[in-house]
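There are 2 protein chains.
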Amino acid sequence: MKKIVVIGGVAAGLKAAAKARRCDPEAGITVLERGEIISYGACGLPYYVGGDVHDIEDLMKTPVGIVRGPGYFKNVKDIVVLTQTEATVIDRQAKTVKVKKLATGETDSIPYDQLVIATGASAIKPRLAGVELGNIYTLWHPDDARAIQQGLGKGTFKRAVIIGAGLVGMEMAEALTKRQLEVTVVEMKEQLFPAFLDPEIAGIAAKYAAEKGIKLLTGEKVERFIGETDVTAVETDKRTIPADLVVLAMGAHPNAKLAEDAGLTVGATGAIVVDDEMRTSDPDIFAGGDCVENVNIISGQKVFAPMGSTANKHGRVIGENLCGGHAKFKGILNTVVVKLHGLTVGKTGLSEQDAKQLGYEYITAMVAGPDKIHYMPGAKLITIKLIAEAKTGKVLGMQAVGEGEVAKRVDVVAAVLTLGGTIDDLFDIDLSYAPPYNSPIDNVAVAANAVMNKLAGKLKGISSLAAKEKMTAEQTVFLDVRTPDECKQIRLAGCPNIKYIPLGQLRSRLTELNKDDEIVAFCKISLRGYEAEGILEGAGFENVKVMEGGVAAWPFSCEKG
Amino acid sequence: MKKIVVIGGVAAGLKAAAKARRCDPEAGITVLERGEIISYGACGLPYYVGGDVHDIEDLMKTPVGIVRGPGYFKNVKDIVVLTQTEATVIDRQAKTVKVKKLATGETDSIPYDQLVIATGASAIKPRLAGVELGNIYTLWHPDDARAIQQGLGKGTFKRAVIIGAGLVGMEMAEALTKRQLEVTVVEMKEQLFPAFLDPEIAGIAAKYAAEKGIKLLTGEKVERFIGETDVTAVETDKRTIPADLVVLAMGAHPNAKLAEDAGLTVGATGAIVVDDEMRTSDPDIFAGGDCVENVNIISGQKVFAPMGSTANKHGRVIGENLCGGHAKFKGILNTVVVKLHGLTVGKTGLSEQDAKQLGYEYITAMVAGPDKIHYMPGAKLITIKLIAEAKTGKVLGMQAVGEGEVAKRVDVVAAVLTLGGTIDDLFDIDLSYAPPYNSPIDNVAVAANAVMNKLAGKLKGISSLAAKEKMTAEQTVFLDVRTPDECKQIRLAGCPNIKYIPLGQLRSRLTELNKDDEIVAFCKISLRGYEAEGILEGAGFENVKVMEGGVAAWPFSCEKG
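Residue numbers (UniProt numbering), protein chains in the order written: chain A, 1 to 561; chain B, 1 to 561.
Keep in mind that the hints are not guaranteed to be accurate.
[Unchecked claim] With a cut-off of at most 20 Å between alpha-carbon atoms, the simulated EDC-like pairs for lysine to aspartate or glutamate come out as follows:
id, chain 1, residue 1, chain 2, residue 2
1, A, Lys458, B, Glu106
2, A, Lys61, B, Asp485
3, B, Lys328, A, Asp424
4, A, Lys330, B, Asp425
5, B, Lys458, A, Asp78
6, A, Lys61, B, Glu537
7, A, Lys74, B, Glu537
8, A, Lys2, B, Asp485
9, B, Lys380, A, Asp58
No lab work stands behind these hints, which were simulated from the structure alone.
Predicted model, so just to flag it, every value in this text is computed and none were measured.
Bound-form chain A, shown alone:
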């Protein structure tokens, strides 16, 4: 009887064990878990804190309310799960795992024929003065969430400071504003979601966050935590921020020490190196989940990108291969989606910053528009930025943000990226259309079309960031072609050289513009801005640009009313 041992009882480990059981009804399968609980949905923790999930036990249950505990795994899958059992040493010669029973201190040695390392990752805790004070939490384990929830219940938390404006940080910012706390997010880098968004998309999300009462301090570094027993303030390089609760959301590092100590190869990312069959440098040892490196299939680079969805796929591949299969895990796209109150932010593939760093010759386009046809109730704006290789038209990546349906568009582009498709392919997809769901030309097709128009030289775009820098240039005129009604409601702030000419009047008012000026045309979403470019170029203007995304995607301040 083959002995399979799995270290780690959350996503990848349990999935691998279950899959292996399916292939091999005879094998002895043992899962070692350091913690008290297994198989919990860590991604759900912010939603427990925010109140969407009422019972934290739900994160550990099957959809029909059965706790996925050791009993469940024994009865249903004939898998032995040992909790509070820490794997301390992997002895590859003897093919044993040394374990320590955390409750009793006992040690034991468990033999394996095949081993799976699924030790996950841990939240980064900075080495700063005061970091051990009370009410400073990470949000990695149900215990963290329970502790925060208890504090919230007591009503003693009024002001929260979150360190890090990444996924967990902003999910917690949503959760804590929902719980009526005053929330400040301190981010060392210059923008929201610095790990995956380009600044003009991040700017849109940051503007929204501010409207929801989230105070975002970027380019600011935490220096120490102040307090006696519990934290009372956070000191940054710029100010002191009072705080009753601090959430450290500075990312994670892979739990690779056990593997490294056993002599298994660990990569530059600090995570365990595996091949495309999820094997480590020892052919009898697999690894998966948050403790391993992944390949980004667009860049070819090795990345550390812990994600529950990836962990589950790893588990499936490992399970197959434990039984002699040759399933492959091809890699990831660093796809991300995150909810921020009513806003969704998503990304797949490369950002423009990534593409630049990797030396691609690329082209981008950013378009804004309603997520379904404008006459349907509930149509909401989304902004999409596409990045493609200039020579081949191959799609490299996409970002999207808005109150409308963003995830669908991200997933469509993820499919195109997986299959190496081009901008033309993306435009061609016969996407489902009906008025309650989208427009005859879906937002992703509009974005693809904009890239095609740019490649053909028909659309000359300028990003909101570049336009902002030209605002005070003398030779640049901003041309707002919206209707007077629209302009009355909202206008770009601080724009001295601006002309308001509604699109329908442009052909007859061309003399009001000067052919020597650079003209930045725009409207609400810059579809009319694009029409304006056509009219102006048709009339011999040679220096016309369309401000991509228009007023809708303008990340800076506006004048209203």
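Starting from the known structure of chain A, fit chain B onto it as the hints suggest.
Same frame as chain A, but now just chain B:
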């Protein structure tokens, strides 16, 4: 100056004209439209009748409220639009279009260098006695919707009969039930949405429609309409149904006569034949929109599939090629999405019926599950059926139905189909994951996984339809592995040979089952049904099948409480 003439002022025609203007600021562009209005969103008409869209004018306006009338096209795009101007003859020798001004009866002859035929399609009106009675409408033009709306306003419509259970028919069924009418849908074929759904998926939607008060009569043929001035009843081959309002939703036929009379090639579908650059058999004449044939890129077959999204893509390609471009339209996937109250039904690529007819060796899998992780509020069930080529694993098509997010999954599969991807590719896509949006393994990946498991011989499935036929077979035992609580709430009706053994007890209660019997295992969504198969097969049972989709996707009656 080049003269471009476009016949038809709705989607494809206007798009082609606008795109051509963009490439060629000099060309004279004239659009001829028989009707009084142009550029209206016909797809929105059911939503006007149903009350979602309050003002029918909104269907003819830009998002900022400007009517897309002749003035708009003149001012913004320098395009001349002539309404109430019917093209009567295309003289290809003289390169002229003869037109008749419908208001005055005057005729004229308009010369062209390049012509675009975008004459659309018309609703089928059956040649049945009484079809000309009052209050019998198609829903093709805003005038139809206005007339229905007027009748609804007067309160004289109480009972509506809709002929045809296709897209328009069911959208109108939703609209009229929303307006408190008693709605009966009569469909000649044996199921709901016969043109694109397999029966077990159609059955789920039909069950839902019945819950919403829509009476669906399938396999029933309308024979005549009864009434003096206005319709009072519909007579079918089975009964007489009282009716104050009848909607004919029997599909459409292409308006190809003008092209046919001009000697242009028309296909077996009755629609105009075009090449992949949207050229007709005359190189100076393009055609696009609802009047042309499309190629289904999976089957390679020519189809007539009028769709607003396709028409817009046609227009773009024609516009490019009018200016000497060589843009190509690669074809369609017959993708469909339709809302039926809270339910969404979608399909892309081939159905199983299509695959069978085309002689494919295929494999299918049907899975049900929540559209986001079960602990999140608002998670709703969706059922997905995937069809793949057995030998290659190439995805052939997908259908989905449910109250959850269906359109996203349809669009992801449409992307995979466009790029010729396999089931493995579909599983591999790094789809965006976060608890508010989906599960770590998205529903489409679960479906792909089920197909992979079937291909590997690990999952032996049986469809709900096939299971139903075995319900009374003596040697077949239905094994419901749900919890007692779940079984108390809802059970399959009329199932004499059923065993209730919760999954957690199955390993210890194997003696209650007989190895000679065929066992059909299932649960709510048949994930536990699949676990049961594994346990039973591990224990030597050789004739076990999983009922795909479980109770959630059971299209037949259930006992409750």
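Each hint tested on the structure:
The straight-line distance between the Cα atoms of A/Lys458 and B/Glu106 is roughly 40 Å, outside the 20 Å bound, and the hint therefore fails. Taking the CA atoms of A/Lys61 and B/Asp485, the gap is near 16 Å; set against the 20 Å cutoff, the hint holds. At most 20 Å may separate the alpha-carbon atoms for a hinted pair to count; B/Lys328 and A/Asp424 meet this at roughly 10 Å. Between A/Lys330 and B/Asp425, the direct Cα distance comes to roughly 9 Å. Compliance with the 20 Å bound is thereby established for this hinted pair.
Of the pairs offered as hints, the one joining B/Lys458 and A/Asp78 holds, with about 18 Å between alpha carbons and a cut-off of 20 Å not exceeded. Between A/Lys61 and B/Glu537 the alpha-carbon distance is near 26 Å, which puts this suggested pair outside the 20 Å criterion. For the hint linking A/Lys74 to B/Glu537, the alpha-carbon distance of about 17 Å falls within 20 Å, and the restraint holds. Between A/Lys2 and B/Asp485, the direct Cα distance comes to roughly 38 Å. Violation of the 20 Å bound is thereby established for this hinted pair.
Among the hinted pairs, B/Lys380 with A/Asp58 is consistent with the structure: their alpha-carbon atoms are about 16 Å apart, no more than 20 Å.
When the structure is compared with the earlier hints, violations turn up for hints 1, 6 and 8 and for no others.
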